[in-house]
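Residue strings, one per chain:
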Amino acid sequence: MYENVFNKIERDLRAEEGIANELDYVEQTSWVLFLKYLHDLESERRDRAELDGDDYAPLIEGNFCWDKWAAPKVNGDFDHNTARIGDDLIKFVDQELFPYLAAFRQSATGPKTIQYKIGEVFTELRNKFRSGYILRDVLEAVDGLSFNTQAQRHELSELYETRIRRMGNAGRNGGEYYTPRPLIRAMIKVTDPKIGETIYDGAVGSAGFLCEAYTHMRTDNLSASDFETLQTRTFYGQEKKGLAYIIGIMNMVLHGIEAPNLVHSNTLNENVMDIQEKDRHDIILANPPFGGGERREVQQNFPIRTGETAYLFLQHFIRKLRAGGRAAVVIKNTFLSNTDNASVALRKELLEAAELHTILDCPQGTFQGAGVKTVVLFFEKGAPTRDIWFYQLDPGRSMGKTNPLNDDDLAEFVELQRTRPNGPKSWIVNRADLDEDTYDLSVKNPNAPEAEALRNPEEIIADMLARDAETAKILEDIRGTL
Amino acid sequence: MKDVAKKGWETRLLGEVCKLVNGRAYKKPELLDDGPYPVLRVGNFFTNNHWYYSDLELDEDKYCDDGDLLYAWSASFGPRIWEGGKVIYHYHIWKVLPSDRVDRDFLYYFFDWDKELIKKEQGAGATMIHVSKGSMEARAMPLPPLEEQQRIVAVLDEAFEGLARARAHAEANLSDAEQIAARSLDVILEDLSTRNGRITVQEIAAVKGGKRLPKGSKPGPTPTPHPYISVKDLTEDGTVSTAKLGYISAQVQRSIARYTISSRDVYISIAGTIGKSGIVPDELDEANLTENAAKLVLTDGWATEYVYWCTRSADFAVQTSEQTRVAAQPKLALQRLGAITIPKATEAEQIAVCEKMNALRVTRSELVEAYSKKLQDLDDLRQSLLQKAFAGELT
Numbered sequence: 001m002y003e004n005v006f007n008k009i010e011r012d013l014r015a016e017e018g019i020a021n022e023l024d025y026v027e028q029t030s031w032v033l034f035l036k037y038l039h040d041l042e043s044e045r046r047d048r049a050e051l052d053g054d055d056y057a058p059l060i061e062g063n064f065c066w067d068k069w070a071a072p073k074v075n076g077d078f079d080h081n082t083a084r085i086g087d088d089l090i091k092f093v094d095q096e097l098f099p100y101l102a103a104f105r106q107s108a109t110g111p112k113t114i115q116y117k118i119g120e121v122f123t124e125l126r127n128k129f130r131s132g133y134i135l136r137d138v139l140e141a142v143d144g145l146s147f148n149t150q151a152q153r154h155e156l157s158e159l160y161e162t163r164i165r166r167m168g169n170a171g172r173n174g175g176e177y178y179t180p181r182p183l184i185r186a187m188i189k190v191t192d193p194k195i196g197e198t199i200y201d202g203a204v205g206s207a208g209f210l211c212e213a214y215t216h217m218r219t220d221n222l223s224a225s226d227f228e229t230l231q232t233r234t235f236y237g238q239e240k241k242g243l244a245y246i247i248g249i250m251n252m253v254l255h256g257i258e259a260p261n262l263v264h265s266n267t268l269n270e271n272v273m274d275i276q277e278k279d280r281h282d283i284i285l286a287n288p289p290f291g292g293g294e295r296r297e298v299q300q301n302f303p304i305r306t307g308e309t310a311y312l313f314l315q316h317f318i319r320k321l322r323a324g325g326r327a328a329v330v331i332k333n334t335f336l337s338n339t340d341n342a343s344v345a346l347r348k349e350l351l352e353a354a355e356l357h358t359i360l361d362c363p364q365g366t367f368q369g370a371g372v373k374t375v376v377l378f379f380e381k382g383a384p385t386r387d388i389w390f391y392q393l394d395p396g397r398s399m400g401k402t403n404p405l406n407d408d409d410l411a412e413f414v415e416l417q418r419t420r421p422n423g424p425k426s427w428i429v430n431r432a433d434l435d436e437d438t439y440d441l442s443v444k445n446p447n448a449p450e451a452e453a454l455r456n457p458e459e460i461i462a463d464m465l466a467r468d469a470e471t472a473k474i475l476e477d478i479r480g481t482l
Numbered sequence: 001m002k003d004v005a006k007k008g009w010e011t012r013l014l015g016e017v018c019k020l021v022n023g024r025a026y027k028k029p030e031l032l033d034d035g036p037y038p039v040l041r042v043g044n045f046f047t048n049n050h051w052y053y054s055d056l057e058l059d060e061d062k063y064c065d066d067g068d069l070l071y072a073w074s075a076s077f078g079p080r081i082w083e084g085g086k087v088i089y090h091y092h093i094w095k096v097l098p099s100d101r102v103d104r105d106f107l108y109y110f111f112d113w114d115k116e117l118i119k120k121e122q123g124a125g126a127t128m129i130h131v132s133k134g135s136m137e138a139r140a141m142p143l144p145p146l147e148e149q150q151r152i153v154a155v156l157d158e159a160f161e162g163l164a165r166a167r168a169h170a171e172a173n174l175s176d177a178e179q180i181a182a183r184s185l186d187v188i189l190e191d192l193s194t195r196n197g198r199i200t201v202q203e204i205a206a207v208k209g210g211k212r213l214p215k216g217s218k219p220g221p222t223p224t225p226h227p228y229i230s231v232k233d234l235t236e237d238g239t240v241s242t243a244k245l246g247y248i249s250a251q252v253q254r255s256i257a258r259y260t261i262s263s264r265d266v267y268i269s270i271a272g273t274i275g276k277s278g279i280v281p282d283e284l285d286e287a288n289l290t291e292n293a294a295k296l297v298l299t300d301g302w303a304t305e306y307v308y309w310c311t312r313s314a315d316f317a318v319q320t321s322e323q324t325r326v327a328a329q330p331k332l333a334l335q336r337l338g339a340i341t342i343p344k345a346t347e348a349e350q351i352a353v354c355e356k357m358n359a360l361r362v363t364r365s366e367l368v369e370a371y372s373k374k375l376q377d378l379d380d381l382r383q384s385l386l387q388k389a390f391a392g393e394l395t
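Protein sequences, first through last, are from chains A and B. Going by my numbering, the first residue of the first sequence is number 1, and it counts up by one from there. Going by my numbering, the first residue of the second sequence is number 1, and it counts up by one from there.
Simulated from the structure, these hints should not be mistaken for laboratory data. Worth double-checking, as some hints may not be accurate.
[What the hints assert, rightly or not] Result set (DSS-like, lysine-lysine): computed pairs, CA atoms no more than 30 angstroms apart in a straight line:
(1) K19/B - K133/B
(2) K133/B - K95/B
(3) K374/B - K473/A
(4) K215/B - K373/A
(5) K211/B - K373/A
(6) K425/A - K331/B
(7) K128/A - K68/A
(8) K8/A - K27/B
(9) K278/A - K128/A
(10) K331/B - K348/A
(11) K332/A - K232/B
(12) K348/A - K36/A
(13) K133/B - K211/B
[Claimed, not checked] If you want a taste of the chain B side facing chain A, the calculated C-beta under 7 angstroms gives, among others:
(14) V155
(15) A159
(16) G162
(17) S175
(18) D176
(19) Q179
(20) I180
(21) R183
(22) T320
(23) T324
(24) R325
(25) V326
Since we're looking at a predicted model, the values are computed, not measured. Positions of the beta carbon are idealized from the N, C-alpha and C atoms, including for glycine.
Next comes chain A alone, as it looks inside the complex (with noise of 0.2 angstroms):
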């Protein structure tokens, strides 16, 4: 129903000269969306204060409201008398509309309310319209989009998703934000969140993460605490990145996560020794960012010091993780096996202060527009590794942008890895019989059909001589056919 409100949008986007990818696409259509989607958050908490006859202040008042600026409207149709179009327009979003929600970060009473978050949406955004005209167009667009019921919540944030998997696509900056579903689901298939637990994510990106677990774990069954719980104490995120860090808001928003409990600070500036127990969360699901490079300063926070960023989130999860905790993290497969210092302390670190159960190593290209091999490392917080169950994923076929990863080339692993058993695809390691020296997880299947055995060269020959006289034959036959 709305997809082609969503397509004339990016029509329009595409004839705008301030616009120029996959990403501004994104970004443009995020803050519109997002503050239509206040409005409508807003509509329907005024009706029910009154209903209830309570007072209710608005949010965003006075000509800040999305029916003041962005859809003016008389007897329910638009009115053209009072929309700003052309340069008012955008001179009104850049000089008042921009600085008013900026402002909201200094006056909003602690964090985690929404008046913060949009304050720093509107402060780390810029708006790329540079013509009031396309910037109307799409604001009508918008307008005919609608959050009142979930159905439309749950279509709005499918399209929204599809988006992102495009900038994902897009290239290499995009794909910084994109996990691809199917290994999402699986990995918290296999966490398995309930609810009452925190789940967290310390580079959230678009918060594929903590959107599909939300899926996962909202049930038609609730009880209202359940939801309650589920809404505003079960999901946390942090994300360095301004655009991602709208991105995820938005997001879960539309996954129907109203204030999504996201910071945007960098995660690694936190030192490891510093977190408490409050701090601690049951579930972790990430994919940090590889390579990276932090800085020196930001290296000191942790005890192993490395320039790898994916090996200093890791750092971070381990302590971030409550005793008994679960944890699913991908991250790059030279992990398993490179020689350098970090990494052999960082695996030693690993299989001492968790129990590293199951490696799932991930075929080329898991990842579009990334060259990099990836696995995803499964842990629980509290005994150290005794055993390693490694699963080798072969799809049989190769990935690429129109074939990508799917959910049922991940159910085997999902339903296998409940029980950890021998097989083609999947062997166990024991914790002793590692190299004390290295400790190298490096995927060697040892149950890998072997190779059919060579021939002796004097076996080719026969093979061949063998053919080459019924080949005679079959000629003399045909021969004699004529």
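Knowing the structure of chain A, use the given hints to seat chain B on it.
Using the frame of chain A, we list chain B on its own:
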């Protein structure tokens, strides 16, 4: 048609002996990932295994079923007897409905033969062969009485079955011919290894890397006295091709002057494509080597060619892949390359290995040529049998 005077034979236009029914042209949104009917496209006809589905209910003649004669008429084209169950056939495919004067299989063989004629008419090397329905219906077909058609079909069926087997044999022999030398090498080296034991690469050679060009400079096609060997120049048969070789200026060469390779060294690629090994020809002695390949500078007592043959063995390949680390790009570190082992051998044994392998190399190319030719001959024989059949000479 020349020999229509033959008893009972006549020449008819194809349009008279059969009817061609166009497949349905699907719009993209109509092609679904799931549905009651598979849609047969030209791609599926030949190689492609990916299917689309349709939920449209169409006229009966838009479906085909087991035993129907189909004809793909665009790009890849030719006849086929369908055996894949009930499907909707897409545009670019005709369903052929034979009239009662023609046998289905006879028609099939005619199309098969005629296909080659169309190719010839449209010119050798034409990239896109395309036949219109009109031009197809206007093609002439020699038509014997029904009984005679069936007899010809029986003869062709038998002969072609044999030919298909002969062709499969020749293909198998072609691939075996490639393997004889490779397997002989493995056997010879295994034998040496059991007798003499093994030695690591770093014990018999200095393992050294090549060098990346300084930032901003690129090898150019214009020859200078300083060739720069990249992995793309390394050939399958263990030498270096000069066809696309790049050259660098004297100035650039000075900055990487230490990283040259001698024709007494063995090279081996260590990044991306791993394990391509060989010897640099004399004319490229002292050329610069890419950072994606390493050179083995051999110590006295080790023959370049012997070490080269060792790097070509299956055993060496297994060790290489064990030592390779895959991140964004597979890489074989110099140190790990040095840890790979080869069989020890005396100088006399080394010479003997090289002589044997060189002889086998010659035999191999002779055999490959012979079997490639045989394949061509079998194809020609098939076409000539069809030619005879439709000239009425198959008696």
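A quick look at each hint next to the structure:
For the proposed pair K19/B and K133/B, the alpha carbon gap of about 10 angstroms is at most 30 angstroms, so the pair holds. For the given pair, K133/B sits about 12 angstroms from K95/B by alpha-carbon distance, which is consistent with the 30 angstroms threshold. Between K374/B and K473/A, the direct Cα distance comes to roughly 15 angstroms. Compliance with the 30 angstroms bound is thereby established for this hinted pair. For the proposed pair K215/B and K373/A, the alpha carbon gap of about 28 angstroms is at most 30 angstroms, so the pair holds.
Between K211/B and K373/A the CA atoms are separated by roughly 26 angstroms; this keeps the pair inside 30 angstroms, and the hint holds. For a cut-off of 30 angstroms, the pair hint linking K425/A to K331/B stands: about 24 angstroms separates their Cα positions. Simply put, K128/A and K68/A have alpha-carbon atoms about 21 angstroms apart, close enough for the 30 angstroms limit, and the pair holds. With a CA separation close to 22 angstroms, the supplied pair K8/A and K27/B stays within the 30 angstroms bound.
About 41 angstroms separates the Cα atoms of K278/A and K128/A, which puts this hinted pair outside 30 angstroms; it is violated. The hinted pair formed by K331/B and K348/A meets the criterion: a straight-line CA distance of about 25 angstroms does not exceed 30 angstroms. The hinted pair formed by K332/A and K232/B meets the criterion: a straight-line CA distance of about 28 angstroms does not exceed 30 angstroms. A distance of roughly 50 angstroms separates the Cα atoms of K348/A and K36/A; the hinted pair therefore is violated under the 30 angstroms criterion.
Of the supplied pair hints, the one linking K133/B and K211/B is violated, its CA atoms being roughly 61 angstroms apart against a limit of 30 angstroms. Of the supplied interface hints, the one on V155/B holds, with its beta-carbon coming within about 6 angstroms of a beta-carbon of chain A, less than 7 angstroms. With a cut of 7 angstroms, the hint placing A159/B at the interface with chain A holds, because the nearest CB-to-CB distance is about 5 angstroms. Restraint check, G162/B versus chain A: the minimum CB separation of about 4 angstroms is within 7 angstroms; hint holds.
Nearest Cβ of chain A to the Cβ of S175/B: about 10 angstroms, over the 7 angstroms cut. The hint is violated. Checking D176/B against chain A: minimum C-beta separation of about 5 angstroms stays under 7 angstroms; hint holds. Taking 7 angstroms as the C-beta cut-off, the interface hint given for Q179/B holds, the closest approach to chain A being about 6 angstroms. Taking 7 angstroms as the C-beta contact cut-off toward chain A, the hint placing I180/B at the interface holds, the least distance being around 5 angstroms.
Proximity of R183/B to chain A holds as hinted, the smallest CB-CB distance being about 5 angstroms (cut-off 7 angstroms). Interface restraint check: T320/B against chain A, minimum CB-CB distance 15 angstroms, threshold 7 angstroms, status violated. Checking T324/B against chain A by beta carbon gives a least distance of about 11 angstroms; that is not within 7 angstroms, so the hint is violated. A distance limit of 7 angstroms between C-beta atoms decides the matter here; for R325/B the minimum to chain A is near 6 angstroms, and the interface restraint holds.
Among the interface hints, the one on V326/B holds; its C-beta lies about 6 angstroms from the nearest C-beta in chain A, closer than the 7 angstroms criterion.
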